[in-house]
Amino acid sequence: MRRTALILVIATGAFLLAFLIYPLLYSCRGAFVVNGHFSLAFFQYLYTDKLTRECIVNSLVLGCVVTVITAALALPLALVVARYSFPAKTLLTGLLLVPMIMPPFVGAIGMRHILARFGSLNLLFMDAGLMHSPVDWLGGARFWGVVIIEVLHLYPIMYLNFAAALANVDPSLEEAAVNLGSSGFRLFRKITLPLMMPGLFAGSVIVFIWAFTDLGTPLVFGYRRVVAVRIFDQVTELQNNPQGYALVVGVVALTALIYLAAKRLFGLRAYGSLSRGPVYGGEKRVRPLGACLIAAFVLGVVAIACLPHVAVVLTALQKDWFMSVVPSGYTLGHFHDALGHPLTLSSIRNSIGYSALSTVLDGVIGILVAYVLVRYAFWGSDMLDAMVMLPIAIPGLVLAFGYVATFSGTVLDPRENPVPLLVIAYALRRLPYMVRAAYAGFQQVNVQLEEAAINLGSPPLRAMRRVTVPLVSANLIAGGILVFSFAMLEVSDSLILAMKERFYPITKGIYVLIQRIEDGPYIASALGVWAMVFLALSLVAAGMLLGRRLGQLFRV
Amino acid sequence: MVSVSLRGVTKRYGETVAVEDVSFEVGKGELFFLLGPSGCGKTTILRLVAGFMQPDAGVICFDGRPIVSVPAHRRNTGMVFQSYALWPHMNVAENVAYGLRERRIERQEREERVRAVLRTVHMAQYRDRMPNQLSGGQQQRVALARALVIEPDVVLLDEPLSNLDARLRLDMRREIRRIHAETGITMLYVTHDQKEALSMAQRLAVMSMGRVEQLGDPRSVYRRPVNRFVAEFMGEANMIAGSLLGTGAGFGTLRTPLGDLRAALGAGRLSAADQAVCMVRPECLQLGNGHENAFRARVDSSVYLGEIEQFVLSAGGMELRAIQSNPGSGPAPVGRETQVHFSAEDAVLLPAERPPESSPPEAQGAGK
Numbered sequence: 148m149r150r151t152a153l154i155l156v157i158a159t160g161a162f163l164l165a166f167l168i169y170p171l172l173y174s175c176r177g178a179f180v181v182n183g184h185f186s187l188a189f190f191q192y193l194y195t196d197k198l199t200r201e202c203i204v205n206s207l208v209l210g211c212v213v214t215v216i217t218a219a220l221a222l223p224l225a226l227v228v229a230r231y232s233f234p235a236k237t238l239l240t241g242l243l244l245v246p247m248i249m250p251p252f253v254g255a256i257g258m259r260h261i262l263a264r265f266g267s268l269n270l271l272f273m274d275a276g277l278m279h280s281p282v283d284w285l286g287g288a289r290f291w292g293v294v295i296i297e298v299l300h301l302y303p304i305m306y307l308n309f310a311a312a313l314a315n316v317d318p319s320l321e322e323a324a325v326n327l328g329s330s331g332f333r334l335f336r337k338i339t340l341p342l343m344m345p346g347l348f349a350g351s352v353i354v355f356i357w358a359f360t361d362l363g364t365p366l367v368f369g370y371r372r373v374v375a376v377r378i379f380d381q382v383t384e385l386q387n388n389p390q391g392y393a394l395v396v397g398v399v400a401l402t403a404l405i406y407l408a409a410k411r412l413f414g415l416r417a418y419g420s421l422s423r424g425p426v427y428g429g430e431k432r433v434r435p436l437g438a439c440l441i442a443a444f445v446l447g448v449v450a451i452a453c454l455p456h457v458a459v460v461l462t463a464l465q466k467d468w469f470m471s472v473v474p475s476g477y478t479l480g481h482f483h484d485a486l487g488h489p490l491t492l493s494s495i496r497n498s499i500g501y502s503a504l505s506t507v508l509d510g511v512i513g514i515l516v517a518y519v520l521v522r523y524a525f526w527g528s529d530m531l532d533a534m535v536m537l538p539i540a541i542p543g544l545v546l547a548f549g550y551v552a553t554f555s556g557t558v559l560d561p562r563e564n565p566v567p568l569l570v571i572a573y574a575l576r577r578l579p580y581m582v583r584a585a586y587a588g589f590q591q592v593n594v595q596l597e598e599a600a601i602n603l604g605s606p607p608l609r610a611m612r613r614v615t616v617p618l619v620s621a622n623l624i625a626g627g628i629l630v631f632s633f634a635m636l637e638v639s640d641s642l643i644l645a646m647k648e649r650f651y652p653i654t655k656g657i658y659v660l661i662q663r664i665e666d667g668p669y670i671a672s673a674l675g676v677w678a679m680v681f682l683a684l685s686l687v688a689a690g691m692l693l694g695r696r697l698g699q700l701f702r703v
Numbered sequence: 298m299v300s301v302s303l304r305g306v307t308k309r310y311g312e313t314v315a316v317e318d319v320s321f322e323v324g325k326g327e328l329f330f331l332l333g334p335s336g337c338g339k340t341t342i343l344r345l346v347a348g349f350m351q352p353d354a355g356v357i358c359f360d361g362r363p364i365v366s367v368p369a370h371r372r373n374t375g376m377v378f379q380s381y382a383l384w385p386h387m388n389v390a391e392n393v394a395y396g397l398r399e400r401r402i403e404r405q406e407r408e409e410r411v412r413a414v415l416r417t418v419h420m421a422q423y424r425d426r427m428p429n430q431l432s433g434g435q436q437q438r439v440a441l442a443r444a445l446v447i448e449p450d451v452v453l454l455d456e457p458l459s460n461l462d463a464r465l466r467l468d469m470r471r472e473i474r475r476i477h478a479e480t481g482i483t484m485l486y487v488t489h490d491q492k493e494a495l496s497m498a499q500r501l502a503v504m505s506m507g508r509v510e511q512l513g514d515p516r517s518v519y520r521r522p523v524n525r526f527v528a529e530f531m532g533e534a535n536m537i538a539g540s541l542l543g544t545g546a547g548f549g550t551l552r553t554p555l556g557d558l559r560a561a562l563g564a565g566r567l568s569a570a571d572q573a574v575c576m577v578r579p580e581c582l583q584l585g586n587g588h589e590n591a592f593r594a595r596v597d598s599s600v601y602l603g604e605i606e607q608f609v610l611s612a613g614g615m616e617l618r619a620i621q622s623n624p625g626s627g628p629a630p631v632g633r634e635t636q637v638h639f640s641a642e643d644a645v646l647l648p649a650e651r652p653p654e655s656s657p658p659e660a661q662g663a664g665k
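Top line first, the protein sequences correspond to chains A and L.
Going by the numbering used here, 546 is the number at position 399 of the first sequence; the sequence numbering is gapless.
Going by the numbering used here, 604 is the number at position 307 of the second sequence; the sequence numbering is gapless.
Hints in this document: simulated from the structure, not taken from any laboratory.
Keep in mind it's a predicted model, so treat the numbers as computed, not measured.
Accuracy of the hints is not assured; some may be wrong.
Pairwise CB distance ranges (calculated) [claimed, not checked]: (1) A:ARG609 with L:GLU406: 18 to 24 Å; (2) L:GLU312 with A:LYS337: 50 to 56 Å; (3) L:GLU312 with A:PRO234: 54 to 60 Å; (4) A:MET530 with L:GLU312: 21 to 27 Å; (5) L:PRO363 with A:THR557: 39 to 45 Å; (6) A:ARG609 with L:LYS325: 52 to 58 Å; (7) A:TYR169 with L:GLU312: 34 to 40 Å; (8) A:LEU684 with L:GLU391: 49 to 55 Å; (9) A:ILE157 with L:GLN430: 42 to 48 Å; (10) A:ARG609 with L:GLU322: 31 to 37 Å; (11) L:LYS492 with A:PRO234: 56 to 62 Å; (12) A:ALA533 with L:GLU312: 45 to 51 Å; (13) L:GLU312 with A:GLN191: 49 to 55 Å.
Listing some non-contacts, in silico: residues in chain A with all C-beta distances to chain L over 12 Å [unchecked claim]: (14) VAL204; (15) VAL245; (16) GLY369; (17) LEU603; (18) ARG609.
From the three backbone atoms N, C-alpha and C, an ideal C-beta is built for every residue, glycine too.
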């Protein structure tokens, strides 16, 4: 088995080197080597070119603003959910995760309707007499449109990380402080918050990187002066203009820098729990009024977070939506069109195919890697662990750009046939989830169960298949569902890698449809609703299989 | 059924030596015990025999055939794990039948053998239960049945009774002995419970810090330990220090604060004027007048337990423990002086130096 493990580690390492590390390094080379000579010229260009500089500043500001607002929203949510009981708690905390079921740029289609000059928001304000002339949200305030959409999409991830961090704070540590006379805000600031730092750090980094490199939302809002859109534009002229390389390397460098800075600032020390035996989480009962206020707060967040979804559903259902808060006529026609349209039909088929393949790939790699990591101590295990987790921090945008740059002109050229690279990109990006899910499962299976099977005559691989895999099947299925459904929703790599219409996956299909003036956005919305329903069902299924452990998959 | 022999077996985890130069042989059909405190390397030896790890040095043989290069799944050993390791997704019959399936035993014979072995362990009526519907003792029986049904060359038992409560443990001791007597299979049994070893073993090896301290049958190991570690690990022992006056005919005389005491010579080489201790077990100290090894002691306290009575005595500036069986009806003579004696046959002279007691950290987890 040691040999099997070794071969496996080498194979996985080779795969990750070829499709994760090598494209990144290749992009670096493109940025630093000009006409065969080492050069920093393009980085100078990043600084001196006014447009590029503006894009970088915009993206940084966007990332920071989204991170701060998301954290400000998620922290109180995590606190009240962890500490208080309130009406309909299970339902409401479940609904908090709803924004995850739709790629934010689809929500953006719906939000355009709401935020337009004569959109629902302005009309609502004017009807109420709070506003006299409409505000042009999408003209002067596209930035805020992007911020709102991204915050509403990303707060669940932040919330899950915070909740996990809070759950890891040993109540006896707080009790000790209370016992010594601390209470209220001081207790929170001096004891609870410092102990939560690793979770705060993890959530913030994920959210920042996501917002910093999100491509779909700025595109839909027409907020084009951000790094992601610049890189997207550069892909088409890779050969003759190496600026894209410099931008990509800049993004990677900045991401790494922010990661290190945040790590330094927050500290990544995980404080172990001191108490042994069961830990009784202090869920306090509050007076009915307080409980209702808390429930109202959570409900309010849920309601606002569902706004883009509602808007998308309305857009998909509308027959006539002009100068009114909600549509004045409804039709199911767009849903019908969405399933009948040649572009959508092929894109649905493609997406299912790509996602299924990437799920199989992730299943094989993820299960074996997780198994080896749980069961064996070997040289390089830390490195393998870090490598399979790295894709969490590598934006899809960067990966896709690297693929186009690296594999153009090879058999894998995405211009010819993007399928292998799309499948690999999906698989790589979601590999951490699969490894996490499988890892958690294997950890719970006592190694003696497997040894018992070996002892009775099973070769190691068969012992694993007959004993361990059945015991962790819930985890594996849940991991597979997550990989599959999130692969269906991959945006930036789909937009970049799928260049020919017959290879479009759903997200690219939606994106192309949006740009068609006439009925495009409506069909796109209908398609988005189908995707939403599908993803919601997947998540419910995964949640039923994993129970409370579902949240663990989205943490760093 | 095979004999199992280890010669010069050594296993290290990094810097820590878990098993050092261990040699012993388990005869065909023998019920052999490895006994020692946690971390002494006994479980490591069991796992080496099972093939879950490889020795760094030394040879392990089944019937004289070296088996170190044979992978675990081909060694035909039946292991009973401390945690039982019953597969929670299979019922009792499926658990038991697993090894038979691996051996491609036909369905009819398989069912026959499963039924038979479940009868042997008195679990026939539970064949369709899932493991989580069984009590600890029942799980134990299933684990045993699962190991026995494949008719292994040797059964390996890793602290099989440590998760059971005291009553059940006594029952299961009898059960395992009965099954051993019925099947006649070679068994290698690991435990830290010296009562378990004394009451069940045909022969045993006492281990400490990766080494075998003593090999022998229960009586000789209990009555004639080779050093202080074994003496104290096997049961309570009074250690009376002194210097050796002389030896002869297997006995020696020790000058002690209690007077000159005569006792059997142990395995350690002792010569005149050596510092030594006289080890005498509490149940061998008799209160009352006697001819041999008699001295006066004060009764400090007593605990009456019905079938026995325990005394704490002081004599010659040291504390001694004594146990009298069938205590009389009168009150204990607490606070009074009394005569105490023991038979030279019941005591043994051991080298004075005390082996270090600190044991290395529990090594059995290091390989996972």
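Structure-based check of all given hints:
no., hint, in the structure
1, A:ARG609 with L:GLU406: 18 to 24 Å, "22 Å, holds"
2, L:GLU312 with A:LYS337: 50 to 56 Å, "42 Å, violated"
3, L:GLU312 with A:PRO234: 54 to 60 Å, "59 Å, holds"
4, A:MET530 with L:GLU312: 21 to 27 Å, "24 Å, holds"
5, L:PRO363 with A:THR557: 39 to 45 Å, "53 Å, violated"
6, A:ARG609 with L:LYS325: 52 to 58 Å, "31 Å, violated"
7, A:TYR169 with L:GLU312: 34 to 40 Å, "39 Å, holds"
8, A:LEU684 with L:GLU391: 49 to 55 Å, "34 Å, violated"
9, A:ILE157 with L:GLN430: 42 to 48 Å, "44 Å, holds"
10, A:ARG609 with L:GLU322: 31 to 37 Å, "33 Å, holds"
11, L:LYS492 with A:PRO234: 56 to 62 Å, "58 Å, holds"
12, A:ALA533 with L:GLU312: 45 to 51 Å, "27 Å, violated"
13, L:GLU312 with A:GLN191: 49 to 55 Å, "54 Å, holds"
14, VAL204, "52 Å, holds"
15, VAL245, "34 Å, holds"
16, GLY369, "55 Å, holds"
17, LEU603, "3 Å, violated"
18, ARG609, "8 Å, violated"
In summary, the structure is inconsistent with hints 2, 5, 6, 8, 12, 17 and 18 from the numbered list given earlier, while agreeing with the others.
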